[in-house]
Amino acid sequence: MMFLDLANFYLIPGIVMGSIYAIGAIGITLVFSIMRHTNLAHGDMATFGAFSALALFSAIGISPYLVLPLATVIVGFLSIVIDWIFYEHLRNKPKILTTISSLGVGLMLRSVVQIIWGVNTTAYVTGINKPYKILGLKVKSTEIITLGVSAALVIILILFLNRNRWGKAMRAMSNSPDLALISGIDNRKVVALTWFVVGVLCCCAGFFLGINTELKSMMGWNILLPTIAAAILGGIGRIEGALVGGLIIGLIEEMSLMVIPAEYKAASSFVVLLLVLLLRPTGFFRSKII
Amino acid sequence: MDIISAFNYPVYLAIFICIYGCLAIGLNVQWGFAGLFNAGIAGFFAVGAYTTSILTSSDLPDRLGGFDLPVPVGILGAMILSGIVAWPVGKICLRFRGDYLAIVTIGFAEVVRLVVRSEHWLTGSTSGISNVPRPFGNLPYTQAQIAYLALTGGILFVAYLLIECQSVSPWGRIMRAIRDNEGAAAAMGKNIPFRRLQAFILGATLMGLGGALYAHLNRGVTPDAIDPMIASFLIWIMVILGGSGNNRGVLLGVMIVWIIWSASELMTDQLPTEIALQAKYGRIFLIGLMLQIVLRFRPEGLLPEPLSELRIRENKDSPPRDTVS
Amino acid sequence: MTAILTIKDIRGGYTEADILNGISMEVSRGEIVAIVGPNGAGKSTVMKAVFGLLKIRGGSIDFLGTDITGWSPNHIVQAGICYVPQVENIFTEMTVQENLEMGAFLRRGDLSAAYDRIYGLFPDLVSKRQVVSGSLSGGQRQMLAMGRALMLDPKVLLLDEPTAGLSPKYMEQIFQISRNIRDTGVAILLVEQHAKQALAFSDRGYILVAGTNRHHGTGQDLLTDHSVAEMFLGG
Ligand SMILES: Nc1ncnc2c1ncn2[C@@H]1O[C@H](COP(=O)(O)OP(=O)(O)OP(=O)(O)O)[C@@H](O)[C@H]1O
Ligand SMILES: [Mg+2]
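Protein chains in written order, with my numbering: chain A, 1 to 290; chain B, 291 to 615; chain C, 616 to 850.
Chain A with its partners taken away, still in its complex shape (with noise of 0.2 Å):
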């Protein structure tokens, strides 16, 4: 049956590459409206993430995923420590300075996995993860889990950041840092919040990557540009853009696949990138700032 092949072969792992896409994106987001820079280690970031997780899996053992908690705390903490040594220096430089600066911190993470744990492609856990047919749509329990929690730390951040008052805190800093300060909100400890939410964010993005894919020392980098389109696409700024984003840019890798041959699935997002640039630079949901 047509809609069931699409739905198998193309929809559901769009969807599910594109909530992952969506949770780096929402990452990309938070760090360009607070900090005002782009975080080019942000794949990075997920890759040490993923294998953080795997470490800890190996020694705990159990599940991947009882060990994912205590991965987003680690990865928490190092956006943290990595902010202030390499970019706290740099805040009232130039922007694109802590973006270039962003860059080597990227490549950095990277040689660190690499040295680690090699070059070689692993996985959480081998064998076949067999999927459960529901009325014709085969999903496997991994995406299934991947999509819950991708939603539930959406749902958590938004109602944080709107009910909570460090939540509004960085909401505060990112519409307004220089009255926000003039409030008395300490933005060394808003900028230190946000690295630890984005941190685990990332390190989510990365894991969820890994378990339905496979662990790599690339696989961060490889996502980073869709990732990015998918955060330019919703509109900078805009956590609900990032999470729309993140879906079409998903969506639309998936169903390149129709199209163009597979080697250049990686390509289909640097163009969605050029469009949305070209014909659209403040994105569906009309960035607030660019």
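By construction, these hints were calculated from the structure, which means they are not laboratory data. Quantities reported herein were computed from a predicted structural model and do not represent experimental measurements. Watch out, some of these pointers could steer you wrong.
Ranges between beta-carbon positions, derived for each pair [stated by the list, open to error]:
id	chain 1	residue 1	chain 2	residue 2	range
1	A	Trp166	C	Ala779	53 to 63 Å
2	A	Pro69	C	Lys784	33 to 43 Å
3	C	Gly685	A	Val73	45 to 55 Å
4	B	Ile370	A	Lys189	26 to 36 Å
5	A	Met218	B	Thr563	47 to 57 Å
6	C	Gly753	A	Ser63	54 to 64 Å
7	B	Glu555	A	Glu214	24 to 34 Å
Only pairs whose alpha carbons sit at most 30 Å apart, straight line, appear in this in silico DSSO-like list of lysine-lysine [stated by the list, open to error]:
id	chain 1	residue 1	chain 2	residue 2
8	C	Lys811	C	Lys623
9	A	Lys265	A	Lys138
10	A	Lys133	A	Lys265
11	A	Lys93	B	Lys480
12	C	Lys811	C	Lys784
13	C	Lys770	C	Lys743
14	C	Lys784	C	Lys770
15	C	Lys743	C	Lys784
16	A	Lys265	B	Lys480
17	C	Lys811	A	Lys189
18	C	Lys670	A	Lys93
19	B	Lys570	B	Lys480
20	C	Lys770	C	Lys811
21	C	Lys784	A	Lys189
22	B	Lys381	A	Lys93
23	C	Lys670	C	Lys623
24	A	Lys189	A	Lys93
25	A	Lys265	A	Lys189
Yeah, the Cβ is synthetic: ideal placement off N, Cα and C, and Gly gets one too.
Could you slot chains B and C with the ligands onto chain A? The hints should help.
For chains B and C with the ligands alone, coordinates are given in the frame of chain A:
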């Protein structure tokens, strides 16, 4: 070991310094003069290397070309094509704040890498293109190296002189004015995106030149030669360490960084093979770290551009709020 | 009356050049003090210097007997000085209520009494509680900006041109509210473009020219002083 071959290693180093010199001056035109963050240097390098390889290698049945053209034609073609591909990239991104150019150039370099790896009819995919002629290639090894050094050194010198003239010309002054104070330059009626595009394309042609010289040196090019991040990174560090905006500083940066990089390779080669992989990636880690150290302790470089404080100055009181123009 | 805020001979600027060339001012409990002067005289700069947003190179700032020179804005807010800048003085993407909440960021616990007080001072804002503040009118924005700064019960309120761009009706309203605020014991130091009206309603005034305070006195004295009137107030 005779006297002449004792020179082999320094000559080999020097050839690479000249090739990287072209790339670094190209980046200096983009970043140092115009403030454009091109993170996809490897993409332009590859376009240059493959263009000249296709143009000058001998004919092969299953591949486009080779056209057996003379080397100067190949090099010129490489420069022109690099400039041509830079045009749409710059055209699309230069209207926006700097990060967008970084993102799109990273994407560009990745797409070039995909094409290089997948399009056998064009690039020979994984096996690459071989039998690219090498100028003075039929001399004995040492003389050939020295002759090639003379060639690349001459080309670098000419490039340096031309760019140096440009930078002190009104064009160079306008570029720096735009970089340092976009608002004021716009108010003076300067067409900023167009000027930036000029600098971007000019820089890209020099990167293509570097790629072409590299291909002729190696008598060919393979996808492994263009590991995107390492090539781009080394050049970034060379430019920032040397002193962005100052061509002499940049060349100094090329020498220092390339010598450190090669020396570290000599050292890691001594290590046992079990840790060869770690050593390789350890060196890459160090490049990333080196960039951070330069950004932290010497952001204006060893030989700063005169008046470059304008550029790295604290801009706390006037945070850039670039908007879509 | 003893001064609660004393600015003594401060100097400083954004670059090497000094914009403030030795400015001295005093503000006492329960008074409104106006700073007037031509554009670019350094009026806003004085406010930024007091609030710790600008490093000063000389002089001192004393608040309630404590030397607060060089303190960070964060600490100055905690000490009891709040500031409404001339521009960008509300969080345009947050609701009115959230703006007030951010104003009270340093205070934990129940804010309902503080909200009631602010909405009592600015009844116009009550119906806008849940409105995104970017859509407010100019006068309402100014009220919100003042409300935000008052959430922490400051002892001194710094207002930079609270009536800029407002209609005379709104201006009168803002002045009236300022008096009400003063009557609750808050000292107000404000910068004003509308020099005559400001001096008329303030208790005292300073006239600032080229980074120094040329004249000061009660608002009425300055208004009636002929040389001042001729030079700075347009006759
Ligand atoms: N962020 C800044 N960086 C550098 N110079 C500044 C900055 N802000 C103000 N200046 C300069 O400081 C001087 C005093 O400015 P200030 O804003 O204090 O004037 P003002 O008296 O408040 O004027 P206005 O009535 O127009 O608000 C001016 O010459 C101005 O150009
Ligand atoms: Mg002012």
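Cross-check of the supplied hints:
no.	hint	result
1	A:Trp166 x C:Ala779: 53 to 63 Å	violated, 33 Å
2	A:Pro69 x C:Lys784: 33 to 43 Å	violated, 58 Å
3	C:Gly685 x A:Val73: 45 to 55 Å	violated, 37 Å
4	B:Ile370 x A:Lys189: 26 to 36 Å	violated, 53 Å
5	A:Met218 x B:Thr563: 47 to 57 Å	violated, 23 Å
6	C:Gly753 x A:Ser63: 54 to 64 Å	holds, 58 Å
7	B:Glu555 x A:Glu214: 24 to 34 Å	holds, 31 Å
8	C:Lys811 x C:Lys623	holds, 26 Å
9	A:Lys265 x A:Lys138	holds, 22 Å
10	A:Lys133 x A:Lys265	holds, 27 Å
11	A:Lys93 x B:Lys480	holds, 25 Å
12	C:Lys811 x C:Lys784	holds, 16 Å
13	C:Lys770 x C:Lys743	holds, 27 Å
14	C:Lys784 x C:Lys770	holds, 27 Å
15	C:Lys743 x C:Lys784	holds, 20 Å
16	A:Lys265 x B:Lys480	violated, 40 Å
17	C:Lys811 x A:Lys189	violated, 44 Å
18	C:Lys670 x A:Lys93	holds, 17 Å
19	B:Lys570 x B:Lys480	violated, 47 Å
20	C:Lys770 x C:Lys811	holds, 26 Å
21	C:Lys784 x A:Lys189	violated, 42 Å
22	B:Lys381 x A:Lys93	holds, 26 Å
23	C:Lys670 x C:Lys623	holds, 15 Å
24	A:Lys189 x A:Lys93	holds, 20 Å
25	A:Lys265 x A:Lys189	violated, 40 Å
Violated hints, listed in ascending order, are 1, 2, 3, 4, 5, 16, 17, 19, 21 and 25; each of the other numbered hints is respected by the structure.
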